[in-house]
Amino acid sequence: MSKKAAPTAEPKASCAGLSAAAPINASLTKEEKIELHRKMVRIRRFEERSLRAYLSKKIGGFLHLYIGQEAVAVGCCTLMGKDDHVITAYRDHGHAMAVGMDTKALMAELYGKITGCSKGKGGSMHYFAPSLNYWGGHGIVGGQIPLGTGLAYALKYKKLKGAAMAFMGDGAVNQGAVHEAYNLAALWNLPVIFVIENNGYSMGTSQERSSAGPGLAKRAEAYGMNWGTCFGHDVYEVRATMDKFLTLAREKNQPSVVEIDTYRYRGHSVADPDQTYRTREEIEEYRNTKDPIQLFQKTLLAEGVLTEALIEQIDTEAKAEADLAADFAEASPFPTTDDIQKDVYWETDNPEKRTSKGRIFFD
Amino acid sequence: MAVISYREAIRAALAEELTRDENVVLMGEEVANFHGAYKVSEGLLEKFGPDRIVDTPISEAGFIGMGVGASMLGVRPVMELMFWSFYSVAFDQILNNAANVRYMSGGLINCPIVIRGPANGGTNVGATHSHTPENVLANHPGVKVIVPATAADAKGLLKSAIRDNDPCFFLENTILYGEKGEVSDDPELLIPLGVADVKRQGTDLTIVTYGRCVLHSLVAADILEKEHDVSVEVIDLRTIRPLDIDTVLASVKKTHRVLIVEEQKPFASVGSQLAYMIQREAFDELDGPIHRLATIDAPAIYSPPVEVEQLPNPQRVLKAALAAVE
Ligand SMILES: Cc1ncc(C[n+]2csc(CCOP(=O)(O)OP(=O)(O)O)c2C)c(N)n1
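In order, the protein sequence lines correspond to chains A and B. Position one of the first sequence corresponds to residue 85 (our numbering), numbered consecutively onward. Position one of the second sequence corresponds to residue 2 (our numbering), numbered consecutively onward.
Just chain A, with the same shape it has in the complex:
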């Protein structure tokens, strides 16, 4: 039984202790601070509601819950300007909500309904919202990282502003495609930040059993890239850290690798909840001492931004929102068999503009 290893390398850009004072946080209004808290609570309540739906067999396939990691997605995605972009892996509910996707469409997607964000074609692992610069949840471990590099390439080629954040887990860092993407990003100075959400485990394999070397982000040094680590349970610290790297990307086209220390309380997926690879004590310790929502709540109470009553209200609203989303999903229709062959080709979806002939689908 292994214990979750803390990031082993010395952070090159640590913000510990300075996070609240960092300008990116100091400049937040009271409302914006409350909004950070609200976003994390909404993600958690949404996922708890989806878990219930899953257990009552309303949701199929995998359901990878993000519970415990909320400060990462919220910290990073609330830094997005209108020109910045995000892509992530299959544990994507947190990022999707953090960029502002509608919970009704997200829940309906889990239910496989036509009203889902991907019309019931993507499922839990494949949320997309290009209109919010959110390029998806992707099911192949590490496969989204070259795509994120491509987003950054497109920004640079088209002389657009902004940067791309490409999220992955600690298990993904050992995929070849990730290293190829690092090389391309560094070689061509692309405005991309590779964000490793180190929750300690890839399914049942601890990070120390899967990754050689002195630290996941430190591998960036081999490519001459910036890197940093941060304590990902504190949303302020995530923001303070990421802000630096985003500025380097946006203003200097410098790519970076950032390893964010975080933790998930649930199993790898709901279908695979077995937790024999880590101790109950370890989970409890994180829950009790490093829960991102609790920590931030404490901070905001101390700052006088939140009150117990407001906390209660936000929580009640988040639960109600999740219930409403579930009701919406429940009441929505499934796609029909006629929908199966829609959204496969641009061309068949735009028949009036069709340029090719011939048969496209086969039986």
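No wet-lab data here; the hints were simulated from the structure. None of the values given here were measured: they were computed from a predicted structure. Don't take every hint at face value.
As the list claims (entries may be wrong) - Derived coverage of chain B by chain A (criterion: at least 3 residues anywhere in the stretch with Cβ under 8 Å from a Cβ of chain A; other residues may be distant):
| id | segment |
| --- | --- |
| 1 | 104 to 115 |
| 2 | 138 to 149 |
| 3 | 192 to 201 |
| 4 | 316 to 322 |
As the list claims (entries may be wrong) - Computed from the model, here is a short list of chain A residues facing chain B with C-beta under 8 Å:
| id | residue |
| --- | --- |
| 5 | Ile224 |
| 6 | Tyr237 |
| 7 | Ala238 |
| 8 | Asn258 |
| 9 | Gly260 |
| 10 | Leu268 |
| 11 | Leu271 |
| 12 | Lys382 |
| 13 | Leu385 |
| 14 | Gly442 |
| 15 | Ile444 |
| 16 | Phe446 |
Said to hold, decoys possible - For each label pair, taking beta carbons as the anchor points, the in silico distance ranges come out as:
| id | chain 1 | residue 1 | chain 2 | residue 2 | range |
| --- | --- | --- | --- | --- | --- |
| 17 | B | Ser89 | A | Phe446 | 23 to 29 Å |
| 18 | B | Arg281 | A | Pro417 | 30 to 36 Å |
| 19 | A | Arg136 | B | Asp52 | 51 to 57 Å |
| 20 | B | Gly289 | A | Asp356 | 28 to 34 Å |
| 21 | A | Phe446 | B | Ala251 | 17 to 23 Å |
| 22 | A | Asn258 | B | Glu282 | 55 to 61 Å |
| 23 | A | Pro417 | B | Gly44 | 53 to 59 Å |
| 24 | A | Arg293 | B | Lys320 | 55 to 61 Å |
| 25 | B | Tyr303 | A | Glu436 | 48 to 54 Å |
| 26 | B | Glu282 | A | Glu132 | 21 to 27 Å |
| 27 | B | Ala128 | A | Glu335 | 48 to 54 Å |
| 28 | B | Pro306 | A | Glu436 | 51 to 57 Å |
The beta carbon of each residue, even a glycine, is placed where N, CA and C say it ideally should be.
Got chain A sorted already, so can you dock chain B with the ligand onto it with the hints?
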């Protein structure tokens, strides 16, 4: 109209489309300074500069995936694989990402990428460099698969592929790069995808084929006509997906006999699908079983004289055609 090679026709298509749309970029290993392993991109770096003609590191998964990501955000990348055989290295990006992203996003994301490069055997480079991936690629809804046999088709089809909003896989036959033909220099002359071309009219036998096998079939058809009094119609599919099965069926209704010729391994090939569709949709028109000639079912042999025999060649087509009309 000028007589130019298949290689020059592809280059002309690239140059015209790079000129027409500044979102088009050409990327791949050695495409810029070295002008491509098969010299397809000669002169393009000089003309369009290093921002548009881009040498990538040897990292197929990385750069193909990067092209897919860039296409999602409005770049129209043409990615050269030095050999299509290396598609296996980028398989995840090609199939999981390029082919699927539109579907999984419920139609929210387009992926207008072209992946192109030399494919097929016949150059004595052994099993790792002689793949014919059209059946594997075409098995995935969401993509288009194009296999030109002539210089004119190569140009017109590539231009269509670059303007297409879906991922297009363009398979150039290495051996055809030097083949010459008349090619229009009208920059708006496009050949629509999914339209087969009747390369030779005939009445006794339909040969359905594509790629280099079109050339073998035309040679065999001439011999059949002169020496055996058999009139052969040769249909060049030009694209595998979309598939112009209607042109095939019309020909079957005329000749009543079919031979499929493909430079593919026979198991679960493009020909297998064609044979199924022809028997289903024109069974009553057939005067005999559907015949097929494919590559002999083994990895590509190196030995030069034997590789010629492993692949379809005019003599093998002739023999198969005689069996089909017997
Ligand atoms: C290429 C590939 N291999 C294996 C899997 C199966 N798989 C899904 S998630 C996962 C673990 C990945 O862990 P990590 O990257 O640390 O992300 P986390 O689940 O911790 O968020 C595995 C092995 C997959 N989806 N893709």
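Each hint, compared with the structure:
1. 104 to 115: Coverage by chain A holds here, the residue count being 9 at a Cβ distance below 8 Å.
2. 138 to 149: holds (count 3)
3. 192 to 201: Result for this restraint: holds, n = 5.
4. 316 to 322: violated (count 0)
5. Ile224: holds, 5 Å
6. Tyr237: holds, 5 Å
7. Ala238: holds, 4 Å
8. Asn258: violated, 14 Å
9. Gly260: Status holds, d = 6 Å.
10. Leu268: holds, 5 Å
11. Leu271: holds, 7 Å
12. Lys382: At 39 Å from the nearest chain B Cβ, A:Lys382 fails the 8 Å test, so the hint is violated.
13. Leu385: With a minimum Cβ separation of about 40 Å from chain B (threshold 8 Å), the hint on A:Leu385 is violated.
14. Gly442: holds, 3 Å
15. Ile444: Holds - the Cβ of A:Ile444 comes within 8 Å of chain B, reaching about 5 Å at its closest.
16. Phe446: Cβ of A:Phe446 sits 7 Å from chain B, so the hint holds.
17. B:Ser89 / A:Phe446: 23 to 29 Å: holds, 24 Å
18. B:Arg281 / A:Pro417: 30 to 36 Å: holds, 33 Å
19. A:Arg136 / B:Asp52: 51 to 57 Å: With a Cβ separation near 52 Å, A:Arg136 and B:Asp52 satisfy 51 to 57 Å, so the hint holds.
20. B:Gly289 / A:Asp356: 28 to 34 Å: Between B:Gly289 and A:Asp356, where Cβ atoms are some 55 Å apart, the hint is violated.
21. A:Phe446 / B:Ala251: 17 to 23 Å: Because 19 Å falls inside the window, the suggested range holds.
22. A:Asn258 / B:Glu282: 55 to 61 Å: violated, 49 Å
23. A:Pro417 / B:Gly44: 53 to 59 Å: Once the Cβ atoms are compared, 56 Å apart, the range 53 to 59 Å for B:Gly44 and A:Pro417 holds.
24. A:Arg293 / B:Lys320: 55 to 61 Å: holds, 59 Å
25. B:Tyr303 / A:Glu436: 48 to 54 Å: holds, 51 Å
26. B:Glu282 / A:Glu132: 21 to 27 Å: Since the Cβ atoms of B:Glu282 and A:Glu132 sit about 53 Å apart, the hinted range of 21 to 27 Å is violated.
27. B:Ala128 / A:Glu335: 48 to 54 Å: Taking Cβ atoms as reference, B:Ala128 and A:Glu335 lie about 49 Å apart, which means the hint holds.
28. B:Pro306 / A:Glu436: 51 to 57 Å: Holds - the Cβ-Cβ distance for B:Pro306 and A:Glu436, about 54 Å, lies within 51 to 57 Å.
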